[in-house]
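Here the protein sequences come in this chain order: A and B. Numbering of the first sequence is given in my numbering, commencing with residue 17 and proceeding in unit increments. Numbering of the second sequence is given in my numbering, commencing with residue 249 and proceeding in unit increments.
Take the hints with a grain of salt, since some may be wrong.
As the list claims (entries may be wrong) - A few chain B residues that face chain A, going by a derived Cβ cut-off under 8 Å, partial list only: (1) Tyr502; (2) His503; (3) Ile506; (4) Val517.
Derived from the structure by calculation, the hints contain no laboratory data. Note that the structure is a prediction, hence the values are computed from the model and not measured. All residues carry an ideal CB built from backbone N, CA and C; glycine is no exception.
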Amino acid sequence: MEKIIRVEHLDFHYQNHIIFTDFSFSVDEGSYIAISGPNESGKTTLMRLLTGYLPSKNKIVIGYQYIDSSQKEEIFSKLGIVSNEERSFLYESVYRELCFPLENLNMPKDQMEKRIIETCQKLQITNLLDKKIQDLTKSQKQKLKIALAIIHHPAILLLDQPFRNLNRQDTIDIKRILKELNQQEHVTILLFSQNLEDTLDADYLYILYRGKWLMEGKPLVVMREDKLLNRIGLKLPFMVDLSLKLEFYEVLDEIILDMERMVNTLWK
Amino acid sequence: MEIKLENVSYRYKLKYWLKKVNLNLHGPDIIGIIGDQKTLLLEILDGRHLDISGTVKIGNMVLNDDTKERFRRKVALIEQEYHPFTPLSTVEEEADYIFHALEMDAKKKKTKLLEALKIVGLKENVLPRFVQSLSSGEKKRLQIALGLLSQPKVLLFDEPMVDLDSANQKKLLRLWKILREKYKKTILISSNDTDLLYENVNRCVVLQNHTVVLNEVSDTLFQDANTLATYHIAIPRLVQFTLLAKEKGIRLFYHKDIRDIIKDIYKHV
């Protein structure tokens, strides 16, 4: 499998505060990877390094190019980013903002319009198209951020807390869209969140703690280490927590994520 | 402490963002807000929008041009993102800006600040640190400490849990209880997380179509699947489990802690 993201022996510190020493990892093309960890584990710093927001001195390769290289624009056209930095949008209107990533691809106008409508329909935000960004609610702004990340059909998505400020139904909808992009369009996804609930769709989960990998594996395998996860300040997803506790009482013998299925299993 | 909104409307760019809001809340209490325009409602309660129609009252004080300074001391809004006064402020400098704004006696400053830091669980050693170097949990607690300096009766939290890990969330939950019980504060929390609200607030306000549609005891609201469906609010998962079991003829109680529902399930299998 080709490694579409590679971090090689990275060292990084803020003033006298060391974040990463000799830190390495890689992401296979087409995979869906989640990175979780408590506050101050280094997630945001890693995201900032991956998005070129902080300098990484030729230690990070994305889409087969060093992100500090001169072909920055070429790299960024392949990337879709939802960052947690307070995003200052470039334009006043939602429609104009959505044009921007497509203008960078020199897309013809009629095609652009089609793509914008298609993306907004997918995210159910066509009602926002004639609005001004400053008038959007937090959850509407979050959905706009996601639209901006996927509108140019990038090969790689770097997502920092993509479900931030969304209610449960919106979270379910966006999770489904991400899964489809990964499975049908083979988009590589790297998702960061301190909420393990957000990571359940990933093929593989890494737990970052104090700048080092503490655990890694399939999400449901990692989450069996509930004591360790609790100790570092993480909470299991509700259904995983419930399943493991019921397993302990020997009334269930597997992790069930669907509540209806769990109830049907407990009381046939 | 009573919070009262009478016929409050907020019109901006030819559009109503909030319309004819009537709301009556009594404190000390921990109260949730769910639905659309939560942030705007909190900003109005914080006295930031004077271009509203209707009446906003805290205790006996009506918000208007003459009272706005005193009104704002009665409330503190803890915003979702912390914006320091300057990008390179230290904790002590941040506090100085607030003392200056409050025209507070210089001699009392330090004691007041240390007292506030102690309540939220921060130590004196944070004073020289840059705000930007604090962890997300520390920043949230510092925001609260700074909010406490004016000795407000009402604390407003906008999506406080979203960026915190579980350990920091637990600390904040404990702090709310102390603020309510020991310091008699009224705490309003805006959130989309119905699990959080069901498990931790006593009362919940529902906003929809630009107005307050419900102001209900949280158990009553969150255990009523029909009302939740009407207002497109997700059912708290602990409630959902009890409801699904009920369909199977299993009578579980409504629980607020996963450990309690486990014991209840164990009795029935």
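Cross-check of the supplied hints:
1. Tyr502: With a closest approach of 15 Å, the Tyr502(B) hint is violated.
2. His503: 11 Å, violated
3. Ile506: 6 Å, holds
4. Val517: Result: holds, 5 Å to nearest chain A Cβ.
Hints 1, 2 from the list above are not met by this structure, while the remaining hints are.
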